[in-house]
Amino acid sequence: MLPVREGFVLAAILFTLGLTGVLVRRNVVFVLMSIEVMLNAAGLAFIVAGARWRQPDGQVVFLFILAMAAAEVSVGLALVLELYHQYKSLDTDAISRMRG
Amino acid sequence: MLGLLWLVPVFPFAGALLLAVFGSRMGAKAVAVAGTGTIAASAAISLLIAAAFLGAPPPGGAYTQTLWTWIDAGSFRPEIAFHLDALSLVMMLVVTFVSLLIHLYSTEFMRGDEGYSRFFAYMNLFVASMVTLLLADNLLLLYLGWEGVGLCSYLLIGFWYQDPVNGRAGQKAFIVTRVGDTAMAVGLFLLFYSLGTLRIQDLMHAAQTRWSTGSPVAIAAAALLLGGAAGKSAQLPLQTWLPDAMAGPTPTSALIHAATMVTAGVYLIARTHVLFELAPPVQLAVAAVGAATLLMAGFSALTQNDIKRVLAYSTISQIGYMFLALGVGAWGAAIFHFMTHAFFKALLFLAAGIVIEALHHEHNIFRMGGLRRELPAAFWMFLIGGCALAGLPAITAGFYSKDLILWSAANSAVGGMGLWTAGVAGVLLTSLYTFRLIFLVFFGPAATPVSRRPGLAMVLPACVLAFLAIAGGFDKAPFLAFMATALPAFREASGGMSELVSSVAAGLAFLAGLLAAWYAYVHNPALSRAAAASPMGRLLHRFWFADWGMDWLYDRVFVRPVVWLAAVNKADFIDSIYDGLARLAALGHRLLSVTETGKLRWHAAWIAGGAVFVVAIVMFL
Amino acid sequence: MTTVFYIAGAVAIAATIMMLTRLNAVHALLYLIVSLLAAAVIFYDLGAPFVAALEVIIYAGAIMVLFVFVVMLLNLGEQASRAERGLLTPSIWIGPSVLAAVLLAELIWILMRGSVPPAEAAGAGPAEVGMALFGRYLIGVELASMLLLAGLVGAYHLGWRRVPKAKVIHASRS
Chain A
0 MLPVREGFVL AAILFTLGLT GVLVRRNVVF VLMSIEVMLN AAGLAFIVAG ARWRQPDGQV
60 VFLFILAMAA AEVSVGLALV LELYHQYKSL DTDAISRMRG
Chain U
0 MLGLLWLVPV FPFAGALLLA VFGSRMGAKA VAVAGTGTIA ASAAISLLIA AAFLGAPPPG
60 GAYTQTLWTW IDAGSFRPEI AFHLDALSLV MMLVVTFVSL LIHLYSTEFM RGDEGYSRFF
120 AYMNLFVASM VTLLLADNLL LLYLGWEGVG LCSYLLIGFW YQDPVNGRAG QKAFIVTRVG
180 DTAMAVGLFL LFYSLGTLRI QDLMHAAQTR WSTGSPVAIA AAALLLGGAA GKSAQLPLQT
240 WLPDAMAGPT PTSALIHAAT MVTAGVYLIA RTHVLFELAP PVQLAVAAVG AATLLMAGFS
300 ALTQNDIKRV LAYSTISQIG YMFLALGVGA WGAAIFHFMT HAFFKALLFL AAGIVIEALH
360 HEHNIFRMGG LRRELPAAFW MFLIGGCALA GLPAITAGFY SKDLILWSAA NSAVGGMGLW
420 TAGVAGVLLT SLYTFRLIFL VFFGPAATPV SRRPGLAMVL PACVLAFLAI AGGFDKAPFL
480 AFMATALPAF REASGGMSEL VSSVAAGLAF LAGLLAAWYA YVHNPALSRA AAASPMGRLL
540 HRFWFADWGM DWLYDRVFVR PVVWLAAVNK ADFIDSIYDG LARLAALGHR LLSVTETGKL
600 RWHAAWIAGG AVFVVAIVMF L
Chain W
0 MTTVFYIAGA VAIAATIMML TRLNAVHALL YLIVSLLAAA VIFYDLGAPF VAALEVIIYA
60 GAIMVLFVFV VMLLNLGEQA SRAERGLLTP SIWIGPSVLA AVLLAELIWI LMRGSVPPAE
120 AAGAGPAEVG MALFGRYLIG VELASMLLLA GLVGAYHLGW RRVPKAKVIH ASRS
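First to last, the protein sequences are chains A, U and W.
So for the first sequence, numbering that gives the first Met the number 0 puts the first residue at 0; every next one is plus one.
So for the second sequence, numbering that gives the first Met the number 0 puts the first residue at 0; every next one is plus one.
So for the third sequence, numbering that gives the first Met the number 0 puts the first residue at 0; every next one is plus one.
Keep in mind that the hints were calculated from the coordinates and are not lab data.
Because the structure is a prediction, the values reported are computed rather than measured.
Mixed in with the good hints, there may be bad ones.
[Said to hold, decoys possible] Straight-line C-alpha distance at most 20 Å; calculated EDC-like pairs for lysine to aspartate or glutamate:
| hint | chain 1 | residue 1 | chain 2 | residue 2 |
| --- | --- | --- | --- | --- |
| 1 | U | 598 | A | 81 |
| 2 | U | 475 | U | 491 |
| 3 | U | 598 | A | 56 |
| 4 | A | 87 | W | 77 |
| 5 | U | 475 | U | 498 |
| 6 | U | 28 | U | 112 |
| 7 | U | 28 | U | 113 |
| 8 | U | 598 | A | 5 |
| 9 | U | 28 | U | 107 |
All chains, full assembly: derive it from the sequences and hints.
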């Protein structure tokens, strides 16, 4: 018996946890980590669905998500380094020049 | 020969175009030749046409030449067409000939002016518009000419535009006549709406068959046309613009504001006489307006000290006589007086121009004097013109025409004696102010030295006009017979005054005025000065000098409230609707830009909130 | 099978919660790695061994390691940990938590609503995945490779630091 519904519920829980992390934590590195959690949760949902329908498509999509996450993380962390170099702080609330 | 009719307005129009485009590059002589030559051609062709018309009258006494269809919109098809009958023929002849003489005069009068070519362009355009007005076959083309002469009047009054006073005078003329023009336009709308055509002959026929005498539509249409005529002809209550129009050059005053344009109203009423006959109250109003105006202007002329303003008020007064004639149904008499008036009034203005030029632009008659010896030509011109104006019995044209009007007034069906008395009182006033003018300017001690004598170009036209002012009245009987082919004859009521009695009364009034003027200004000037200085005299003088306070009245009643309204509405409440929209958008912007905090978590929270909202919609719908 | 799933799921959730509440970045990263490993177990359990391996190799093995490197580079130290505590006041996490809880409730409600016909566990092996990847999803693969190239170039450019001229001259002289 494939735990389809439970799998989706698990994915939903992990997703909202990641969302909470994005909204709560002010440290940029933690924000990026929380985004990774969200991406992973979405991937989990795809895998569950792919297993349910006995197709490799879910895994293929997960692969794409993985590639995307890799690219995003590399650029994002490079930006984090640059940010720290410029502002000497990792507080997202302090980096709000794009206001108004 | 009659087919050349279209050339009469086209020649001056072409001249105006030529001078407008090339005038600044042409020499003064070329401009004079071009400007006067076109009018001469027009006048020559008018003469040929008149000869052909009189020699072999076309059937029905009218000739129509259609050029092309102007507008074609359903049932509305006015054409560019010219209609020639006795009325328009006479007026066209007078207009072109007097224009020719005045153009000749202005070649010397306007010499040295930097707007020389501009002047002739405007004058040519004026003649073209005036002839179009006179020859128009339908009321729309007439209105075109009407507006054209109004435009040229404005342009020429404000000819010396560098002085803002002249510009304001031009504006005043345009705006006051515009009031009349609007009434006339509404009248045209009403006529077209009721009768379905604007072709004058068809219109008159349709009105006669469809409307009964005294029907409200006829009264309304006639009253509106009267409004337009009163505006253009400077009659009560729209006469305030003409005295100020004297700010223009003297040839302009002679041509436009004495002989031709101001008589356009008379022509309009004569042309649409059927309408006025169908509306007896309005016709009575025409006579009343004429009588009232001729008296009012006469009193005002008594007090003026600018030589041209005296003549302006005199023009208003004489057109009042024409309106009086129209009002009592003496159509032919009105046109006869128009013709003689054109001659002697133009003559007077030309002579006044000679005087003004000679005294180096001096207009105040109290600073003139004794010019009888210095400018004999001007003196004789002025004397002949003045006598014609006042109506010297038997030998001047003015006497014959004015006398005819007085007799017609006395024998009219309504208000005969009252109108006749007003007319005779007018003769007295006319004589009084005319001879006052002559005595002050040409008699007595010299006040300003003469600096310039008139040349031949100025004296010759005046001489021709002087001859016409004397001889023009002798053809009264054939003239009236000719007019009867186009206009209805005068219907005299029984038991009226005989012609002899009326003539004698007029002659006596003339003499009384002459003697009074001589006594007051030559024999015993101290008396007139004492009378003017008395409190009653001063009051009357001020009142009549300001044209019976009409300018003051219009200022208080019309101008000031409008200016006040404009000042109150400076913020323009209609604009504030659009302003308000813009301000609303700006407010929205300010409110929403609060959400742009630039904080990452804030924006992420809003995205999450949006996701919650959308999922909720999916859940519940 | 289901028990493995439940246990691994519980571990994943617990590890994620721990990750969210740590003050030290390295501690949080370690918890995140644990969560990802639990996810790999779930993938294997669902019959997707290839993806499970990839999760461990790439996600936990490369991406998280990259995170660790960057955190080390940042060299945050004790002071940062203390500052983090100040940033986790209740006023900060109450609002977002409520929002996330509402979203979770909505999602679970939707998931619980429909009925899913039961199916037997059956995954797809690596061969099948490979066939699908380079067959139907070939364009996706190309696009992903372009994305990775862009990421590579971007990261290189952002990370490149200009060496100050004085240091260079000093180095060449000595």
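Is the straight-line distance between the alpha-carbon of residue 475 of chain U and that of residue 498 of chain U 20 Å or less? 14 Å, holds
Checking one constraint from the list: CA of residue 598 of chain U to CA of residue 5 of chain A, max 20 Å. Satisfied? Violated, at about 36 Å.
Is residue 598 of chain U within 20 Å of residue 56 of chain A, Cα to Cα? 38 Å, violated
Can you confirm whether the C-alpha distance between residue 28 of chain U and residue 113 of chain U stays at or below 20 Å? 14 Å, holds
Just to be careful, I want the Cα atoms of residue 28 of chain U and residue 112 of chain U compared with a cutoff of 20 Å; is the pair within it? The given pair, whose Cα atoms are some 13 Å apart, holds under the 20 Å limit.
Between residue 87 of chain A and residue 77 of chain W, does the CA-CA distance stay at or below 20 Å? 15 Å, holds
Restraint status (C-alpha distance of residue 475 of chain U to residue 491 of chain U at most 20 Å): 18 Å, holds
20 Å limit on alpha-carbon distance, applied to hinted pair residue 28 of chain U and residue 107 of chain U: 10 Å, holds
Run the distance test for residue 598 of chain U versus residue 81 of chain A: straight-line Cα separation, threshold 20 Å. 18 Å, holds
In summary, the structure is inconsistent with hints 3, 8 from the numbered list given earlier, while agreeing with the others.
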